Amino acid sequence: MTHTSGKIDGVTNGAALASFLAAGIGAFAVGVFVILNETGLFAAPALYGPAGGMSGRTTFAVIVWLGAWAALHRRWQARELAPQRIYVAALTLLVLGTVLCFPPVWQFVT
Amino acid sequence: MDSTLFSNRSILTMIHGIVLGGGALMALSAALFSLRAMRVANPSQASTPSGSPLLAWLVAFAAASLWATVLVGTYVSFPDYRAMPPEGLTDLAKFPRSLLQSNPETAWLHGFAMEIKEHFPWIAAMLATAVAFVAARYRSTLLTDKRLNGMATTLLAICFALASIVGVLGIFVNKVAPLE
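Top to bottom, those sequences are chains A and B.
Using the numbering used here, you'd call the opening residue of the first sequence number 1 and step up by one each time.
Using the numbering used here, you'd call the opening residue of the second sequence number 1 and step up by one each time.
A couple of the hints might just be wrong.
Covered, in the sense of this in silico footprint (three residues per stretch, anywhere, with C-beta under 8 Å from a C-beta of chain B), are these stretches of chain A [to be verified]:
{"#": "1", "region": "12 to 25"}
{"#": "2", "region": "49 to 61"}
{"#": "3", "region": "94 to 103"}
Simulated from the structure, these hints should not be mistaken for lab results.
This one's a predicted model, so the numbers in the text were calculated from it and none came from an experiment.
Beta carbons are placed, not taken as given, at the ideal position from N, Cα and C, and that holds for glycine.
Next up, chain B with everything else stripped away, as it sits in the complex (with noise of 0.2 Å):
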């Protein structure tokens, strides 16, 4: 086997996005999919939700991907895309960023696509952060709660959507100029 099948910065930028970045979005779907039905619509008549605790590690996982996902994105695969090439060089092949912006038909991905990648994971990370507290404090609560079960679905799925659309994106700048 070819020990250069796969260069290092190519590894790295899978575990970044498909090891990590994919857990996180599987793990936010699942914790989605359980405060949805594991919520308990008459907590009067029902008994203490035993799969709380579980729920609480499901969205602290996903949390804890997500901020993965994001220290290994800015600190380790984004210096090697926006590295700068030598002057002169014309084989940009090693440089996305660069490469990217020298056809306009692909600009867009480092002036849109990129630049959102940039930004929006880390509110994802903020708001997985925030609703993983409330599972682990509330526990139970957060299923029998319908208020509290309803704003922490719905930062949870704002979550979800920042995170799907920056995977989409980062689908599309990897395609067109990867980290080789």
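Okay, chain A solo, but in the shape it has when bound (with noise of 0.2 Å):
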């Protein structure tokens, strides 16, 4: 990761990115569970039986987002990074995650 000189008031913006970026790879989360489900290839199990395979799929995805924001803010917490090509990336899979929960997205897919 390229870092740069010249923190924001004497703050690193690791802990930023970092949120940032779990933001994006959580909202990733969501939709790969979603499309999973739709494809048939993973449908994750009901933890609440009456709210059916979505308490599943969103418990999920919000452990991948919890966890990679633990992860990276453990990281980058101290440091301060390029921010550009991490937003990019955050950006990116923000918008994946809301394309695959997007129903005529599944029937393109199966």
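Two chains, two separate frames, one set of hints: put the complex together.
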């Protein structure tokens, strides 16, 4: 990862970028669990019966999100990073995750 | 007054959509406006912005409201929505999903609108939480650092767009097949 000079007001930007990228990873995880379910490749179990498989899909995605956030935060919190690539990666994952949750896409994939 | 004017699940649906979801949208729009309006264009010539703690609380409130909306929607309203009617029942008014699917003209409200409603809000809640964390950790820096402000504003704008879409679709679903 590229480092830059000059912290923002004396504070490193690593923690902010970790939270942004983790949100992108979480969004992508939601999309992946949804598309795996729709294609029949992996159906997350219902963790709360009345809510059905959605309870499993979303819980698993939240675990991925929090896990990714914890790992990235631990690694980046004291570092100053070049934000551009990380931010683009976060946005890309966010868009992909959102698109995978879009029902017309399921029909296209299946 | 008729004590059954609003059923429990109707009240819970209103809490989910109007109180929590509406509150989240209002807080998100206020936070978005504040992020731009309070931004310090030239930090070297300005004193430290005094409103940053309030902004942090505002974004935190938006994130908390979104999570509350998502969790109530998933674990309280959604089970009633997707409940299966008994075999042979013709009046599906109390079974919204089956009611929507029983008519080709309204089936899209489940196959499209409700499916989006099931997942988009989780993404919106994650985004709001990320920005709330940054607002709490960086405080005035969020208003003085142009790049950080831009990234946070963009993510919060996407969050607002997702939540708004979900809100509109929720109105459509509840208009045709309300939880009563």
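Outcome of the hint check:
1. As drawn, the region 12 to 25 of chain A meets chain B at 7 residues by the rule of a beta-carbon pair under 8 Å; at three or more, the given contact holds.
2. Closer than 8 Å: that is the beta-carbon criterion, and the region 49 to 61 of chain A has 8 residues meeting it against chain B, so the requirement of 3 holds.
3. Only residues whose C-beta sits within less than 8 Å of a C-beta in chain B count toward coverage, and the region 94 to 103 of chain A has 6 of them, enough to reach three; the restraint holds.
Consistency with the previously given hints is maintained throughout, with no hint failing.
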